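Sequences are here, hints too, so could you generate the full structure?
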Amino acid sequence: TSGWFQMWRAEGITSEVELYWIAIGGLCMSAIMLFAGWFHYHKAAPKLEWFQNAESMMNHHLAGLLGLGCLSWSGHQIHIALPINKLLDAGVAPQEIPLPHEFLINRDLMAQLYPSFSKGLAPFFSGHWGEYSDFLTFKGGLNPVTGGLWLSDIAHHHLALSVLFIIAGHMYRTNWGIGHNMKEILEAHKGPFTGEGHKGLYEILTTSWHAQLAINLAMMGSLSIIVAHHMYAMPPYPYIAIDYATQLSLFTHHVWIGGFCIVGGAAHGAIFMVRDYTPANNYNNLLDRVLRH
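In this text, residue positions in the sequence shown follow UniProt numbering: the first is 1, and each later residue adds one.
Each hint should be verified, as a subset may be incorrect.
[Unchecked claim] In the DSSO-like style, the derived pairs of lysine-lysine whose C-alpha atoms are separated by at most 27 angstroms in a straight line are:
| id | residue 1 | residue 2 |
| --- | --- | --- |
| 1 | LYS139 | LYS119 |
| 2 | LYS47 | LYS183 |
| 3 | LYS86 | LYS139 |
| 4 | LYS119 | LYS86 |
[To be verified] Pair ranges (Cβ atoms, derived):
| id | residue 1 | residue 2 | range |
| --- | --- | --- | --- |
| 5 | LEU34 | HIS60 | 20 to 28 angstroms |
| 6 | THR174 | HIS293 | 31 to 39 angstroms |
| 7 | LYS190 | HIS101 | 56 to 64 angstroms |
| 8 | GLY69 | ASN281 | 35 to 43 angstroms |
| 9 | MET219 | GLY147 | 29 to 37 angstroms |
No wet-lab data here; the hints were simulated from the structure. Keep in mind it's a predicted model, so treat the numbers as computed, not measured. Beta carbons: idealized from backbone N, C-alpha and C, even for Gly.
This is the structure:
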(Lines of atoms letter the chains of each structure in order from A and count residues from 1; the text may use other names and numbers.)
(Lines give C-alpha, C1' and ligand atoms only; values in the text may rest on other atoms or scores of the structure.)
Protein backbone atom coordinates (compact mmCIF):
# COMPACT_ATOMS: atom_id res chain seq x y z
CA THR A 1 0.00 0.00 0.00
CA SER A 2 2.98 2.34 -0.42
CA GLY A 3 2.77 2.89 -4.19
CA TRP A 4 6.29 1.55 -4.79
CA PHE A 5 5.19 -0.94 -7.43
CA GLN A 6 3.37 1.77 -9.37
CA MET A 7 6.35 4.11 -9.15
CA TRP A 8 8.76 1.41 -10.34
CA ARG A 9 6.42 0.64 -13.25
CA ALA A 10 6.38 4.33 -14.23
CA GLU A 11 10.20 4.44 -14.08
CA GLY A 12 10.46 1.46 -16.44
CA ILE A 13 11.77 -1.04 -13.87
CA THR A 14 10.76 -4.56 -14.92
CA SER A 15 12.96 -6.91 -12.87
CA GLU A 16 14.47 -7.39 -9.43
CA VAL A 17 17.97 -7.19 -10.94
CA GLU A 18 17.30 -3.56 -11.91
CA LEU A 19 16.10 -2.81 -8.38
CA TYR A 20 19.28 -4.42 -7.05
CA TRP A 21 21.51 -2.18 -9.17
CA ILE A 22 19.47 0.89 -8.21
CA ALA A 23 19.97 -0.02 -4.54
CA ILE A 24 23.74 -0.35 -5.07
CA GLY A 25 23.80 3.00 -6.90
CA GLY A 26 21.83 4.60 -4.05
CA LEU A 27 24.25 3.12 -1.51
CA CYS A 28 27.24 4.57 -3.38
CA MET A 29 25.57 7.99 -3.62
CA SER A 30 24.70 7.98 0.09
CA ALA A 31 28.34 7.17 0.92
CA ILE A 32 29.49 10.12 -1.21
CA MET A 33 26.97 12.41 0.51
CA LEU A 34 28.08 11.21 3.95
CA PHE A 35 31.67 12.02 3.05
CA ALA A 36 30.64 15.44 1.67
CA GLY A 37 28.74 16.18 4.90
CA TRP A 38 31.77 15.26 7.01
CA PHE A 39 34.13 17.26 4.77
CA HIS A 40 32.01 20.43 4.85
CA TYR A 41 31.62 20.26 8.62
CA HIS A 42 35.08 19.23 9.81
CA LYS A 43 37.49 20.23 7.03
CA ALA A 44 35.96 23.12 5.08
CA ALA A 45 32.95 24.41 7.01
CA PRO A 46 31.22 27.30 5.21
CA LYS A 47 30.87 30.64 7.02
CA LEU A 48 27.52 31.96 8.21
CA GLU A 49 27.54 34.62 5.45
CA TRP A 50 27.49 31.82 2.89
CA PHE A 51 24.07 30.70 4.13
CA GLN A 52 22.77 34.30 4.07
CA ASN A 53 23.59 34.87 0.39
CA ALA A 54 20.00 34.42 -0.74
CA GLU A 55 20.51 35.44 -4.38
CA SER A 56 23.31 32.96 -5.06
CA MET A 57 21.37 30.25 -3.22
CA MET A 58 18.24 30.90 -5.29
CA ASN A 59 20.17 30.84 -8.57
CA HIS A 60 21.89 27.56 -7.73
CA HIS A 61 18.79 25.87 -6.35
CA LEU A 62 16.57 26.99 -9.23
CA ALA A 63 18.97 26.18 -12.08
CA GLY A 64 20.95 23.33 -10.53
CA LEU A 65 18.63 21.45 -8.22
CA LEU A 66 15.25 22.06 -9.87
CA GLY A 67 16.28 22.85 -13.47
CA LEU A 68 18.88 20.14 -14.05
CA GLY A 69 16.91 17.77 -11.80
CA CYS A 70 13.79 18.13 -13.96
CA LEU A 71 15.90 17.88 -17.14
CA SER A 72 17.59 14.65 -16.07
CA TRP A 73 14.28 13.16 -14.93
CA SER A 74 12.58 14.03 -18.23
CA GLY A 75 15.61 12.50 -20.00
CA HIS A 76 15.10 9.26 -18.07
CA GLN A 77 11.37 9.29 -18.79
CA ILE A 78 11.87 9.90 -22.52
CA HIS A 79 14.74 7.47 -23.15
CA ILE A 80 13.97 4.68 -20.66
CA ALA A 81 10.49 4.84 -19.10
CA LEU A 82 8.43 5.76 -22.18
CA PRO A 83 9.49 2.92 -24.50
CA ILE A 84 9.33 0.29 -21.73
CA ASN A 85 5.88 1.45 -20.58
CA LYS A 86 4.62 1.58 -24.16
CA LEU A 87 5.61 -2.06 -24.65
CA LEU A 88 4.13 -3.08 -21.27
CA ASP A 89 0.86 -1.29 -22.11
CA ALA A 90 0.75 -3.18 -25.42
CA GLY A 91 0.91 -6.49 -23.53
CA VAL A 92 4.55 -7.40 -24.14
CA ALA A 93 5.91 -9.67 -21.38
CA PRO A 94 8.54 -7.95 -19.18
CA GLN A 95 11.16 -10.60 -19.98
CA GLU A 96 10.74 -9.92 -23.72
CA ILE A 97 11.42 -6.17 -23.39
CA PRO A 98 14.97 -5.02 -24.28
CA LEU A 99 17.21 -3.91 -21.42
CA PRO A 100 17.01 -0.18 -20.54
CA HIS A 101 20.47 0.71 -21.89
CA GLU A 102 19.54 -0.72 -25.32
CA PHE A 103 17.00 2.08 -25.78
CA LEU A 104 19.76 4.58 -24.96
CA ILE A 105 22.37 3.32 -27.42
CA ASN A 106 20.16 2.01 -30.24
CA ARG A 107 18.32 4.85 -31.96
CA ASP A 108 16.70 2.49 -34.49
CA LEU A 109 15.06 0.60 -31.64
CA MET A 110 13.56 3.85 -30.30
CA ALA A 111 12.49 4.94 -33.78
CA GLN A 112 10.33 1.81 -34.10
CA LEU A 113 8.28 3.06 -31.14
CA TYR A 114 8.67 6.82 -31.64
CA PRO A 115 9.42 7.64 -35.32
CA SER A 116 10.70 11.18 -34.64
CA PHE A 117 13.81 9.65 -33.01
CA SER A 118 15.06 8.79 -36.50
CA LYS A 119 15.39 12.55 -37.21
CA GLY A 120 17.83 13.06 -34.34
CA LEU A 121 18.42 16.63 -33.11
CA ALA A 122 17.70 18.32 -36.46
CA PRO A 123 14.11 19.36 -35.50
CA PHE A 124 15.41 20.77 -32.20
CA PHE A 125 18.05 23.01 -33.77
CA SER A 126 15.81 24.05 -36.68
CA GLY A 127 12.96 25.07 -34.36
CA HIS A 128 10.52 22.41 -35.62
CA TRP A 129 9.83 21.17 -32.11
CA GLY A 130 6.37 19.94 -33.03
CA GLU A 131 7.98 16.94 -34.76
CA TYR A 132 8.74 15.52 -31.31
CA SER A 133 5.04 15.43 -30.44
CA ASP A 134 4.95 11.63 -30.66
CA PHE A 135 6.74 11.38 -27.29
CA LEU A 136 6.28 14.93 -25.91
CA THR A 137 2.49 15.01 -25.88
CA PHE A 138 -0.20 17.27 -24.45
CA LYS A 139 -3.13 14.85 -24.45
CA GLY A 140 -4.65 15.47 -21.03
CA GLY A 141 -6.82 12.89 -19.33
CA LEU A 142 -5.79 9.38 -18.35
CA ASN A 143 -4.21 6.44 -20.13
CA PRO A 144 -7.12 3.95 -20.59
CA VAL A 145 -4.77 0.97 -20.12
CA THR A 146 -3.28 2.01 -16.76
CA GLY A 147 -5.74 4.58 -15.42
CA GLY A 148 -2.82 6.98 -14.79
CA LEU A 149 -1.73 10.20 -16.46
CA TRP A 150 -0.09 9.78 -19.87
CA LEU A 151 3.62 9.23 -19.26
CA SER A 152 4.43 11.22 -22.42
CA ASP A 153 2.48 14.17 -20.92
CA ILE A 154 4.52 13.86 -17.72
CA ALA A 155 7.82 13.77 -19.65
CA HIS A 156 6.74 16.89 -21.57
CA HIS A 157 5.78 18.56 -18.27
CA HIS A 158 9.20 17.93 -16.72
CA LEU A 159 11.07 19.08 -19.83
CA ALA A 160 9.06 22.33 -19.91
CA LEU A 161 9.63 22.85 -16.17
CA SER A 162 13.37 22.34 -16.59
CA VAL A 163 13.51 25.10 -19.22
CA LEU A 164 11.61 27.48 -16.93
CA PHE A 165 13.75 26.66 -13.88
CA ILE A 166 17.06 26.98 -15.76
CA ILE A 167 15.96 30.42 -17.03
CA ALA A 168 14.80 31.33 -13.50
CA GLY A 169 18.24 30.36 -12.21
CA HIS A 170 19.66 33.41 -14.00
CA MET A 171 17.20 35.84 -12.41
CA TYR A 172 18.98 37.05 -9.27
CA ARG A 173 21.92 39.45 -9.03
CA THR A 174 25.19 37.91 -7.82
CA ASN A 175 28.59 38.81 -9.35
CA TRP A 176 27.40 41.24 -12.03
CA GLY A 177 25.10 44.25 -11.90
CA ILE A 178 22.18 42.57 -13.64
CA GLY A 179 19.22 40.74 -12.18
CA HIS A 180 16.97 41.07 -9.16
CA ASN A 181 17.95 41.76 -5.57
CA MET A 182 15.49 40.37 -3.01
CA LYS A 183 15.99 43.09 -0.41
CA GLU A 184 15.37 45.82 -3.02
CA ILE A 185 12.23 44.10 -4.33
CA LEU A 186 10.81 43.61 -0.83
CA GLU A 187 11.50 47.17 0.31
CA ALA A 188 10.21 48.75 -2.90
CA HIS A 189 6.89 46.96 -2.52
CA LYS A 190 4.63 49.43 -0.70
CA GLY A 191 0.88 49.86 -0.99
CA PRO A 192 -1.43 52.66 0.15
CA PHE A 193 -2.38 50.92 3.43
CA THR A 194 0.80 49.03 4.31
CA GLY A 195 3.02 51.66 5.97
CA GLU A 196 6.68 50.73 5.51
CA GLY A 197 5.64 47.63 3.57
CA HIS A 198 8.12 44.75 3.66
CA LYS A 199 10.98 46.78 5.16
CA GLY A 200 12.87 44.68 7.72
CA LEU A 201 11.43 41.34 6.61
CA TYR A 202 14.54 40.41 4.58
CA GLU A 203 16.69 40.77 7.70
CA ILE A 204 14.27 38.60 9.69
CA LEU A 205 14.46 35.78 7.15
CA THR A 206 18.26 35.90 6.83
CA THR A 207 18.98 36.03 10.57
CA SER A 208 16.20 34.07 12.30
CA TRP A 209 16.25 30.32 11.74
CA HIS A 210 12.89 29.98 13.52
CA ALA A 211 11.29 32.43 11.05
CA GLN A 212 12.76 30.49 8.11
CA LEU A 213 11.67 27.17 9.56
CA ALA A 214 8.14 28.47 10.30
CA ILE A 215 7.61 29.53 6.68
CA ASN A 216 9.20 26.37 5.27
CA LEU A 217 7.11 24.09 7.50
CA ALA A 218 3.89 25.93 6.65
CA MET A 219 4.66 25.79 2.91
CA MET A 220 5.75 22.14 3.07
CA GLY A 221 2.63 21.19 5.00
CA SER A 222 0.35 22.99 2.55
CA LEU A 223 2.09 21.32 -0.39
CA SER A 224 1.76 17.91 1.27
CA ILE A 225 -2.01 18.40 1.56
CA ILE A 226 -2.15 19.49 -2.10
CA VAL A 227 -0.20 16.34 -3.03
CA ALA A 228 -2.70 14.25 -1.01
CA HIS A 229 -5.48 15.58 -3.24
CA HIS A 230 -3.58 15.38 -6.54
CA MET A 231 -2.44 11.78 -5.97
CA TYR A 232 -6.02 10.54 -6.40
CA ALA A 233 -7.49 13.33 -8.56
CA MET A 234 -4.70 13.09 -11.16
CA PRO A 235 -3.08 9.66 -10.60
CA PRO A 236 0.55 10.10 -11.68
CA TYR A 237 1.56 6.42 -11.72
CA PRO A 238 0.23 3.43 -13.69
CA TYR A 239 -2.50 1.40 -11.94
CA ILE A 240 -2.37 3.48 -8.76
CA ALA A 241 -5.94 4.73 -9.36
CA ILE A 242 -7.42 1.23 -9.08
CA ASP A 243 -5.39 0.20 -6.02
CA TYR A 244 -7.83 1.56 -3.45
CA ALA A 245 -5.89 0.59 -0.32
CA THR A 246 -2.82 2.41 -1.67
CA GLN A 247 -4.92 5.45 -2.59
CA LEU A 248 -6.41 5.65 0.91
CA SER A 249 -3.02 5.09 2.57
CA LEU A 250 -1.24 7.75 0.50
CA PHE A 251 -4.01 10.30 1.03
CA THR A 252 -4.02 9.75 4.81
CA HIS A 253 -0.21 9.76 4.93
CA HIS A 254 0.16 13.10 3.15
CA VAL A 255 -2.68 14.81 5.05
CA TRP A 256 -1.18 13.76 8.40
CA ILE A 257 2.27 14.99 7.34
CA GLY A 258 0.72 18.26 6.13
CA GLY A 259 -1.13 18.73 9.42
CA PHE A 260 1.97 18.15 11.55
CA CYS A 261 4.11 20.45 9.37
CA ILE A 262 1.56 23.29 9.55
CA VAL A 263 1.32 22.94 13.35
CA GLY A 264 5.14 22.96 13.45
CA GLY A 265 5.13 26.13 11.34
CA ALA A 266 2.84 27.84 13.84
CA ALA A 267 5.02 26.66 16.75
CA HIS A 268 8.26 27.96 15.25
CA GLY A 269 6.52 31.19 14.22
CA ALA A 270 5.64 31.66 17.90
CA ILE A 271 9.23 30.86 18.98
CA PHE A 272 10.47 33.45 16.47
CA MET A 273 8.12 36.06 17.96
CA VAL A 274 9.36 35.33 21.49
CA ARG A 275 13.09 34.93 20.85
CA ASP A 276 14.09 36.68 17.63
CA TYR A 277 11.58 39.48 16.95
CA THR A 278 12.77 43.04 17.62
CA PRO A 279 9.88 45.56 17.51
CA ALA A 280 12.26 48.52 17.06
CA ASN A 281 13.52 47.08 13.75
CA ASN A 282 10.02 46.47 12.43
CA TYR A 283 8.22 49.74 13.16
CA ASN A 284 5.10 50.18 11.00
CA ASN A 285 6.03 47.46 8.49
CA LEU A 286 3.55 44.78 7.43
CA LEU A 287 4.39 42.39 10.26
CA ASP A 288 4.06 45.16 12.86
CA ARG A 289 0.73 46.31 11.39
CA VAL A 290 -0.66 42.75 11.41
CA LEU A 291 0.40 42.32 15.06
CA ARG A 292 -1.19 45.66 16.06
CA HIS A 293 -4.33 45.09 13.99
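Here is how each hint holds up against the structure:
1. LYS139 - LYS119: Judged against 27 angstroms, a Cα distance of about 23 angstroms means the pair holds.
2. LYS47 - LYS183: holds, 21 angstroms
3. LYS86 - LYS139: holds, 15 angstroms
4. LYS119 - LYS86: holds, 20 angstroms
5. LEU34 - HIS60: 20 to 28 angstroms: holds, 21 angstroms
6. THR174 - HIS293: 31 to 39 angstroms: Holds, since THR174 and HIS293 (Cβ atoms, about 37 angstroms apart) stay within the stated range.
7. LYS190 - HIS101: 56 to 64 angstroms: At roughly 57 angstroms between Cβ atoms, HIS101 and LYS190 fall inside 56 to 64 angstroms, so the hint holds.
8. GLY69 - ASN281: 35 to 43 angstroms: holds, 37 angstroms
9. MET219 - GLY147: 29 to 37 angstroms: Hint holds: Cβ distance 31 angstroms, inside 29 to 37 angstroms.
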